[in-house]
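Position chain B relative to chain A; hints supplied.
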Amino acid sequence: MDLRSKLADCSSTYWHIAYIYGCNKFLYDFGGVYKQVVDASARALRMIYQSKLAPKFDVNNDENMKFLLTLLNRENENVTELAANIISHSCDSNTEQLALCAAGVPQRLINLFGGSMNLRDACLDSMTAIIRNNWEVASRFALMDHGKALRSIVALIHDRSPRTRLLACLCLISLSHASPCHFQDRQIKTKLILVLLELVEEPGHVGDDAPLALTTLIKDSVELQKQALSTNAVQKLSNHLLANSLESRRAVTILLALAELCSKLEESRSQLMSVQASTLILEALKHTCADIRVAACSCLKNISRSSKVLSAGKLSCDTFIAPLVQLLYDSSTSVQVAALGAICNIAVNLTPRKSILLHSGAVTQLVHLSKSMDPTLRLKAVWALRNIMFLLNPKDKDFILKELTLSTLSSLICDSEQFVQEQTLALVHNLVDGYVDAVNYVIGDDGMILNAISRQLNNAPAPGVCTHGMFVLTNVAAGGELNKEAVMNILVPCRADRVKQSFVVNFLQSKDKQLRVATLWCILNLIYPKCEASSVRVVRLQNAGLISQVKGMINDPCLDCKLRVRMVLEHCLDNADDGFICMLKQYHVSVTSTSQVNNRRPVDVDYPGAELSLSSFVGEEARRRPEASSEKGKKGGGVDPMRRPAAGDSPFLAARLVDESMCQKNFDWRVRNMVEASLSSE
Amino acid sequence: MAMMFMFLERKYPVISYYISEFLVSGKNHRASLLAAAEDAGEGGRHRNPFLPDLPPQPSSGQDANAGHPSPPSCSLLSAGRCFAGTQNVSNIQKDEAWKVNVRIHGCDLEQGYLCGTMEALNVPLADTPVVTFWEGEIVDAKNYTFFTGKWEASPEDDIRHWSKFPSFTPLLSQIETDGGKSLDLSNYAYIFMRWKEQYFVNVGVDCGLTIAGFYYVCFSCSDGSISGFYYDPNSSPFQKLELKCTNEKDSGFTFSSYELQ
Numbered sequence: 001m002d003l004r005s006k007l008a009d010c011s012s013t014y015w016h017i018a019y020i021y022g023c024n025k026f027l028y029d030f031g032g033v034y035k036q037v038v039d040a041s042a043r044a045l046r047m048i049y050q051s052k053l054a055p056k057f058d059v060n061n062d063e064n065m066k067f068l069l070t071l072l073n074r075e076n077e078n079v080t081e082l083a084a085n086i087i088s089h090s091c092d093s094n095t096e097q098l099a100l101c102a103a104g105v106p107q108r109l110i111n112l113f114g115g116s117m118n119l120r121d122a123c124l125d126s127m128t129a130i131i132r133n134n135w136e137v138a139s140r141f142a143l144m145d146h147g148k149a150l151r152s153i154v155a156l157i158h159d160r161s162p163r164t165r166l167l168a169c170l171c172l173i174s175l176s177h178a179s180p181c182h183f184q185d186r187q188i189k190t191k192l193i194l195v196l197l198e199l200v201e202e203p204g205h206v207g208d209d210a211p212l213a214l215t216t217l218i219k220d221s222v223e224l225q226k227q228a229l230s231t232n233a234v235q236k237l238s239n240h241l242l243a244n245s246l247e248s249r250r251a252v253t254i255l256l257a258l259a260e261l262c263s264k265l266e267e268s269r270s271q272l273m274s275v276q277a278s279t280l281i282l283e284a285l286k287h288t289c290a291d292i293r294v295a296a297c298s299c300l301k302n303i304s305r306s307s308k309v310l311s312a313g314k315l316s317c318d319t320f321i322a323p324l325v326q327l328l329y330d331s332s333t334s335v336q337v338a339a340l341g342a343i344c345n346i347a348v349n350l351t352p353r354k355s356i357l358l359h360s361g362a363v364t365q366l367v368h369l370s371k372s373m374d375p376t377l378r379l380k381a382v383w384a385l386r387n388i389m390f391l392l393n394p395k396d397k398d399f400i401l402k403e404l405t406l407s408t409l410s411s412l413i414c415d416s417e418q419f420v421q422e423q424t425l426a427l428v429h430n431l432v433d434g435y436v437d438a439v440n441y442v443i444g445d446d447g448m449i450l451n452a453i454s455r456q457l458n459n460a461p462a463p464g465v466c467t468h469g470m471f472v473l474t475n476v477a478a479g480g481e482l483n484k485e486a487v488m489n490i491l492v493p494c495r496a497d498r499v500k501q502s503f504v505v506n507f508l509q510s511k512d513k514q515l516r517v518a519t520l521w522c523i524l525n526l527i528y529p530k531c532e533a534s535s536v537r538v539v540r541l542q543n544a545g546l547i548s549q550v551k552g553m554i555n556d557p558c559l560d561c562k563l564r565v566r567m568v569l570e571h572c573l574d575n576a577d578d579g580f581i582c583m584l585k586q587y588h589v590s591v592t593s594t595s596q597v598n599n600r601r602p603v604d605v606d607y608p609g610a611e612l613s614l615s616s617f618v619g620e621e622a623r624r625r626p627e628a629s630s631e632k633g634k635k636g637g638g639v640d641p642m643r644r645p646a647a648g649d650s651p652f653l654a655a656r657l658v659d660e661s662m663c664q665k666n667f668d669w670r671v672r673n674m675v676e677a678s679l680s681s682e
Numbered sequence: 001m002a003m004m005f006m007f008l009e010r011k012y013p014v015i016s017y018y019i020s021e022f023l024v025s026g027k028n029h030r031a032s033l034l035a036a037a038e039d040a041g042e043g044g045r046h047r048n049p050f051l052p053d054l055p056p057q058p059s060s061g062q063d064a065n066a067g068h069p070s071p072p073s074c075s076l077l078s079a080g081r082c083f084a085g086t087q088n089v090s091n092i093q094k095d096e097a098w099k100v101n102v103r104i105h106g107c108d109l110e111q112g113y114l115c116g117t118m119e120a121l122n123v124p125l126a127d128t129p130v131v132t133f134w135e136g137e138i139v140d141a142k143n144y145t146f147f148t149g150k151w152e153a154s155p156e157d158d159i160r161h162w163s164k165f166p167s168f169t170p171l172l173s174q175i176e177t178d179g180g181k182s183l184d185l186s187n188y189a190y191i192f193m194r195w196k197e198q199y200f201v202n203v204g205v206d207c208g209l210t211i212a213g214f215y216y217v218c219f220s221c222s223d224g225s226i227s228g229f230y231y232d233p234n235s236s237p238f239q240k241l242e243l244k245c246t247n248e249k250d251s252g253f254t255f256s257s258y259e260l261q
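So the protein sequences, as listed, match chains A and B.
Under full-length UniProt numbering, the first residue of the first sequence is numbered 1, with each subsequent residue one higher.
Under full-length UniProt numbering, the first residue of the second sequence is numbered 1, with each subsequent residue one higher.
Don't read these hints as lab results, they were simulated from the structure.
Any given hint could turn out to be false.
Stated by the list, open to error - Pairwise CB distance ranges, derived in the manner of DEER restraints:
1. Pro394(A) with Asp127(B): 24 to 32 angstroms
2. Asp374(A) with Asp127(B): 45 to 53 angstroms
3. Glu110(B) with Lys148(A): 35 to 43 angstroms
What the hints assert, rightly or not - No farther apart than 30 angstroms at their CA atoms in a straight line, the calculated lysine-lysine pairs in the DSBU-like style are these:
4. Lys164(B) with Lys196(B)
5. Lys249(B) with Lys308(A)
6. Lys236(A) with Lys226(A)
7. Lys308(A) with Lys244(B)
8. Lys308(A) with Lys236(A)
9. Lys191(A) with Lys236(A)
10. Lys244(B) with Lys513(A)
11. Lys150(B) with Lys244(B)
12. Lys308(A) with Lys196(B)
13. Lys249(B) with Lys513(A)
14. Lys551(A) with Lys249(B)
15. Lys395(A) with Lys99(B)
16. Lys150(B) with Lys99(B)
17. Lys99(B) with Lys240(B)
18. Lys249(B) with Lys395(A)
19. Lys226(A) with Lys244(B)
20. Lys240(B) with Lys308(A)
21. Lys395(A) with Lys308(A)
22. Lys56(A) with Lys66(A)
23. Lys244(B) with Lys551(A)
24. Lys99(B) with Lys196(B)
We put the CB at the ideal spot given by N, CA and C, even for glycine.
Next comes chain B alone, as it looks inside the complex:
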């Protein structure tokens, strides 16, 4: 979530900021990205890399008709897990960060689906913490690719945001080649997601906040840390979300679980 569109942001269009941040540029590159994004629409399967920390390798192509393996199941990314941290909402006017708590409510790796709630604590003008319900798309090259294809996000926007994550860098060249459809992320120690807030849980839509945008998210399976960037063309760019797993207590990790019938 973010503050509603502000005058200053209108005065200093975000695009100027984007230009400075833009990692890739030029017409040819745009064309190749668009082609890669189109390409990513088709499924495919690939070989498992041997080590988790190695970047995923492209497939041999021999088993191109088989189904994609799901991303790795991670005990730190399951229903009931809680995360706490901040969302940096600084703009040209002032530096500001909200305290944020996130709780995972459901996770279905097979469908590439994840959902949960996000609570923003010290939001100006809000009397209570603002809670939103979000749904996530897990990038698995089966259900979802790195290219958003909606929510006003162009392939360039996607690459620009994903490239902010160091763990994305080893994947970039393959994504530019074929949209990432031949990447096997099933044994990669990072899970990439998009989180889209769906509704406000405890306040009305007139609370002064917007949930028009969405988050590019990278989850580390090793320590359960989450980093993300909020994207909304009408809000401050690159609002950084940084979360740590709070199920780690002073002397160990705790777990809860539920099972639906």
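Pulled out of the complex, with its shape left as it was, chain A reads as follows:
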């Protein structure tokens, strides 16, 4: 036994020597009569292969494969078990799995099931290794001997030995994941769940590993989670947890299984919250073992995916919040990440209890973690802040913004990680929703935030980043004229580089429907009918080719897009009806104002009281484009179709330019009629 344990624990140098010596000796004696030597060598090598440090046995090498097959074909169970152990240890790549399959290893392993318990277990383990994540091998195996091989493994889930039952379950789980189409029998899956739940009660490794196997089985499958729930899995696992101490490894695996059971099903979450297990989860959060703390956080994260639980405020009490916030300061990064996951979901809480989280010191640490060098920590911290910001009252938004600062926000918008950019933009989008001061911050301070957003949108990164960027602009554009102008200047910059197509056109053509919807909402807010200068913005958007782009989306495959397109076009018409004449008047007034500044008499018809409707935008345009006044008075003849109306143009010319532009772009006959009607009435 001394030699065995030494071999099992030996350093890599030791086992290398032992391996070479053992193998040689073993091979030497292979054909000989010294059975005891063979047994001893096989046992020694098995011990070696139980160590994770043992080197891989390269089955792609022909000689090695021959050697392995020779071992598998021996009558000596010690030797065949060794072969199975070598396979379990060494087979993890696709090519190795296929090579072993082509050599007929699965068939041989099935034939060995009739041997001793240890041999059977070793064979099951190596079968799992050969099948794992390999569709081709798994499907070949499932069809082997008309399903007889598969049935022989199914039979083993009822074996007397708990270890065999567990290994058979693991083998079938591997098979069901690698080739779901060959493993659709619902009854067998239910049996697997029942067997694994029974195995949780077994002592030792079997009981510790059974919840992990259950977690693997039900992962991402609502159907299997429902089946597990119908077999009282939540109740059984919780009872086991309550009946035993949190000290064992089993507590970790059970908590992880419970977390998986609560990942999708509302019923599991409410069951877990209704039993005393929630008190135990609370204890686990404060446990000295990091793995238990992580598992407890995973449970809370998945329970808090439930709007029902969140709305009832069950998790947003100080009892849960305080230890979770404490874990944000944990020395282990994995604990911090797990705690961030739970806080992120709990932060969505829509009840007034959100203030408990805000005043728990969480925000300061979240802001600190958002500057971490670790991208995962950074992402999850920003994500949590985004969810806290969701529908928060302005006072609390202000509190977070002061902790976070605009400069941190703008650097996070341009973070090296795309997902951090996305979550930061979503945070800003929540920040500016209905909070005028925040919008002022975003627009103000030299436009630091808006500039960062503009840069990102112009660089056209991932659709998620663009979507949240557009929603920031949508929310800003839902404000007053200044806000709308700020957004207009991003969408249709008044710069010399007009030749460059606006990124908005690309967004409207995007395959991502969320991005198209976000962009359409932004345009809708810019041309919102009740607003002063919306009609002017319609013209600007039209000149930039955006309205015609929207018109082209009238049959968008996404219903939401299609409905927003209709709204945009209706708003265009509304603006034309209500505001077009007003716009003409505004142009005239700006002409008047400019002329007066230049000590010249206005040359065109004056409108009584028109000064009152002077648009700040038109005034701004007049200041921006003084050169346009040189075109004043070009009434007859052709006009440059690309030229936009400008301050200094006569109302006639302004109307004509708009008219020409709209006709050329096939805008709408109604708008054209409006222009004509307004001119003829004068």
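Relative to the frame of chain A, chain B by itself:
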């Protein structure tokens, strides 16, 4: 939610009101509705109608084994959206309407699930606004059909209430034929739902209100308006809920969003 059962309602049974409102009657019709309701239990898939405003068309039947498409995702029906309006709780005794605010907390179109809170503001005998948490079933012919099959609602009750929505009318004949299982609602500009209040958030169960019933709800994807009818055999019939999206500010719409891990 509604006021608890009242004496007058007991005296003038709601059924008399129902009879006058009853759109469909007769034994044969009841039998066909029951058959349609049973039929609706089975899934099926259908062709997309081309235009959103056209009523959904029945399927060709060729792809009957494929899964149902989800109802349309609508940016106005997502978590965080708020709605405000009234619930008409008038009865024979008096005319009365409560101011109601609704907020969507979660939406999972794939599962046909929606949830949120409903706040009733000027409820008599209540010191504070009464907030309830509700869960919704989205009618998608995959997870849920037009037939409730629970909460004391018979197929006749269902049809009677759904028929109150003008946007339901184009669907009625198909529902009577096969329970609506061959309707494709994935491109229809209206989303039909049932909202069932689950618990009182800020008051006890002894607050004098009942949440025993549920709402038949129709949401318009175009403008985000909601209309609904409260159904509880023990409360005044056809209490009308009318809500408008409040995320529309003076000069545009605003949005917030969260994402769970």
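Against the structure, the hints come out as follows:
{"no.": "1", "hint": "Pro394(A) with Asp127(B): 24 to 32 angstroms", "result": "holds, 27 angstroms"}
{"no.": "2", "hint": "Asp374(A) with Asp127(B): 45 to 53 angstroms", "result": "holds, 50 angstroms"}
{"no.": "3", "hint": "Glu110(B) with Lys148(A): 35 to 43 angstroms", "result": "holds, 39 angstroms"}
{"no.": "4", "hint": "Lys164(B) with Lys196(B)", "result": "holds, 19 angstroms"}
{"no.": "5", "hint": "Lys249(B) with Lys308(A)", "result": "holds, 29 angstroms"}
{"no.": "6", "hint": "Lys236(A) with Lys226(A)", "result": "holds, 15 angstroms"}
{"no.": "7", "hint": "Lys308(A) with Lys244(B)", "result": "holds, 24 angstroms"}
{"no.": "8", "hint": "Lys308(A) with Lys236(A)", "result": "holds, 23 angstroms"}
{"no.": "9", "hint": "Lys191(A) with Lys236(A)", "result": "holds, 16 angstroms"}
{"no.": "10", "hint": "Lys244(B) with Lys513(A)", "result": "holds, 25 angstroms"}
{"no.": "11", "hint": "Lys150(B) with Lys244(B)", "result": "holds, 29 angstroms"}
{"no.": "12", "hint": "Lys308(A) with Lys196(B)", "result": "holds, 13 angstroms"}
{"no.": "13", "hint": "Lys249(B) with Lys513(A)", "result": "holds, 24 angstroms"}
{"no.": "14", "hint": "Lys551(A) with Lys249(B)", "result": "holds, 25 angstroms"}
{"no.": "15", "hint": "Lys395(A) with Lys99(B)", "result": "holds, 26 angstroms"}
{"no.": "16", "hint": "Lys150(B) with Lys99(B)", "result": "holds, 28 angstroms"}
{"no.": "17", "hint": "Lys99(B) with Lys240(B)", "result": "holds, 12 angstroms"}
{"no.": "18", "hint": "Lys249(B) with Lys395(A)", "result": "holds, 20 angstroms"}
{"no.": "19", "hint": "Lys226(A) with Lys244(B)", "result": "violated, 37 angstroms"}
{"no.": "20", "hint": "Lys240(B) with Lys308(A)", "result": "holds, 25 angstroms"}
{"no.": "21", "hint": "Lys395(A) with Lys308(A)", "result": "holds, 26 angstroms"}
{"no.": "22", "hint": "Lys56(A) with Lys66(A)", "result": "holds, 16 angstroms"}
{"no.": "23", "hint": "Lys244(B) with Lys551(A)", "result": "holds, 27 angstroms"}
{"no.": "24", "hint": "Lys99(B) with Lys196(B)", "result": "holds, 19 angstroms"}
In this structure, the one hint that does not hold is number 19.
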